[in-house]
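Visitor: These protein sequence lines map, in sequence, to chains A and B. In terms of the working numbering, the first sequence opens at residue 1 and continues consecutively. In terms of the working numbering, the second sequence opens at residue 284 and continues consecutively.
Hints in this document: simulated from the structure, not taken from any laboratory. It is possible that some hints are incorrect.
To be verified - Here chain A is said to cover these stretches of chain B; the calculated rule only asks that three of the stretch's residues, wherever they fall, bring their Cβ under 8 Å from a Cβ of chain A: (1) 327 to 336; (2) 402 to 415; (3) 434 to 443; (4) 448 to 460; (5) 546 to 559; (6) 570 to 582; (7) 593 to 602.
Don't be surprised by glycine CBs; every beta carbon is placed ideally from N, CA and C.
Each chain, written out:
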Amino acid sequence: MSRRTSRIVTNGLGLMVSFFFVFPVYWMVNTAFKSADQFQTYTPVFIPIPTLDNFIKALGEQNLAQLVRNSVFVTVSTVLLSLIVGFLAAVTLARVRFRGRASFLLLVAVAQMAPFEALLIPIFLAIRNGLPGPFSVLPIGYNQVPTLILIYFIFTLPFTIWSLRGFVAGIPVDLEEAAMVDGASRFQAFMKVTLPLLAPGLVATSIFCFITAWNEYLYAYTFMADPTNYTLPVWLVSFRTNFGTDWGATMAASTLFTLPVLIFFLIVQRRMVGGLTQGAVRG
Amino acid sequence: MTRAQSKAKNPTGASALNVAPSRYHTRKTAVRDALPYLALAPAFLTFVLLLGWPVLLLFLTSLQQFGLFELLNNVTTWIGVDNYYNLIFNSPAGLPDFPTVLMRTVLFMAANVALTISLGTLVALLLAKLDRWVRLTLTSAMVLAWAMPVVTGAVLFQWLFDSKLGVVNWAISSLGVFGNYLNHSWFDTGLTTFAVITLLIVWQAIPFVALSLYAGILSIPKELPEAARVDGANERQIFSYITLPALRPLLLMLIFLSVIWDFKVYTQIAAMNQGGPDGQTITLSLYTQILGPAEQQFGVAAAAAVIMMLLLLVVLVPYIRRMVKSQEEQ
Chain A
1 MSRRTSRIVT NGLGLMVSFF FVFPVYWMVN TAFKSADQFQ TYTPVFIPIP TLDNFIKALG
61 EQNLAQLVRN SVFVTVSTVL LSLIVGFLAA VTLARVRFRG RASFLLLVAV AQMAPFEALL
121 IPIFLAIRNG LPGPFSVLPI GYNQVPTLIL IYFIFTLPFT IWSLRGFVAG IPVDLEEAAM
181 VDGASRFQAF MKVTLPLLAP GLVATSIFCF ITAWNEYLYA YTFMADPTNY TLPVWLVSFR
241 TNFGTDWGAT MAASTLFTLP VLIFFLIVQR RMVGGLTQGA VRG
Chain B
284 MTRAQSKAKN PTGASALNVA PSRYHTRKTA VRDALPYLAL APAFLTFVLL LGWPVLLLFL
344 TSLQQFGLFE LLNNVTTWIG VDNYYNLIFN SPAGLPDFPT VLMRTVLFMA ANVALTISLG
404 TLVALLLAKL DRWVRLTLTS AMVLAWAMPV VTGAVLFQWL FDSKLGVVNW AISSLGVFGN
464 YLNHSWFDTG LTTFAVITLL IVWQAIPFVA LSLYAGILSI PKELPEAARV DGANERQIFS
524 YITLPALRPL LLMLIFLSVI WDFKVYTQIA AMNQGGPDGQ TITLSLYTQI LGPAEQQFGV
584 AAAAAVIMML LLLVVLVPYI RRMVKSQEEQ
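All chains, please: the whole structure from these sequences, using the hints.
Guide: Take a look at the structure:
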């Protein structure tokens, strides 16, 4: 086989594999824009005459505004809570030498890999009737939307600390010290020098938290009883079950649900490759 | 740059301030010593109370008779390891036997990991050989699959594999090789349902594995394969003696992660067919969810979850050790 043919074969193979990855996504969007007579055929329509009917139908769902509010509220609160608590811990771990630092790092790593699928039962038993003591005033418990914030906060905190710690450690401490020599206080030096440089790290980390909370299904499905308390993933699965064969509306809803995740994911995709396998760098 | 230079000229810097031991300074030092612990306190308390306590509670629950009665009346009845015994020897009615579920989960995990890692490696090798624009196409295509929310993926694959109008049945029938697949139902048997779920998982998992490995391949110095080629090595030898050994640590981490993820899969299976048909795709995660919150047999469900966690530890421990080691070396 000549070099030229082998190049064509390799590239052809690359395009075929690309097709395998793209096709389902294309089919989702494609179906979402089809009228009923275009998706209810045995011979599929590959390039539809687009219509927005499915989107109008999906968006006209009862309670949808409430469900979007639930999802946004839970997701944004999780991100903020995780970022605040995680930031404090991450800066400390990256910048300060103190007794117990290595043990805390180990704790974070262990927490990051906690199998939440196995912890469903104790978490359910522990907070279904609310939190104990002074915390009982918080609206936490079975069928209470803020419960999910607390749960997703535990999910995302370890990664937030781990990831932010890496970003802080990557900013040379010399920069801060130089600012302090120039008369800035330690706090000022951090705020004016390190924090701006940390912005990409904060964005990447919060996007990870966003995606985790936005997509979560098991806990939302187990804890939320009223359909008005559902988050979007639970709604999407029940929507598909309730609508039976209205694939047009289901795909329109899926497309709309996916869109924010996709946009955010594209921003951080490059960073995702390294993070989880860091341990492999030096074996 | 000027700031860095001024620092160099003035090496005494901040540390000089700590010299004079006045009372004021000792108090300030005490505060400063406590500061890291104060900053870590919220995170630490979160881990201990919201993660440590559930883990402990899980073990305690697994040793108790814990059903609806105990839940409502708030009584505690210790029964030792009875839950574990019952789980294994007289599994709760209405669900598949626990040993079956366990075996099924392990096989399902093994199939997913094997497919993800082998295909992911092949895609990574392919990426390294492609022309720039094809590589960009493939990378973008994979990112699309990777980014898709798991719930959307499950709903989407149900549509692709729909018996009547699904595009997959149409495509297979059109090929003409496998006969007529129109109206073929994929969700009628456990095995074909698992096949669709596995396809979904592998479709979404390959991108991470392939892109990580491709990054690993790029970090191998170009001189190594070139020198080998000059010495007469063929492509397969280059792969076995240069690429594979260089990628080994990375591959190991990816295998650990895949085992962990694929062992506890919940959403794909639940959203695809709720563990059906007839409970044939119920794996450990679904088993504990159904037995616990749904059927309210919390004691037995906790025992199942403990077994699940102990099995996970086999891969979790080496994975975490490597992660921590790499962080400390930084």
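Visitor: Each hint: holds or not?
Guide: We went through each hint and held it up to the structure:
{"no.": "1", "hint": "327 to 336", "result": "holds (count 6)"}
{"no.": "2", "hint": "402 to 415", "result": "holds (count 6)"}
{"no.": "3", "hint": "434 to 443", "result": "holds (count 10)"}
{"no.": "4", "hint": "448 to 460", "result": "holds (count 3)"}
{"no.": "5", "hint": "546 to 559", "result": "holds (count 5)"}
{"no.": "6", "hint": "570 to 582", "result": "holds (count 5)"}
{"no.": "7", "hint": "593 to 602", "result": "holds (count 3)"}
Violation of the numbered hints given earlier is absent; every hint is satisfied by the structure.
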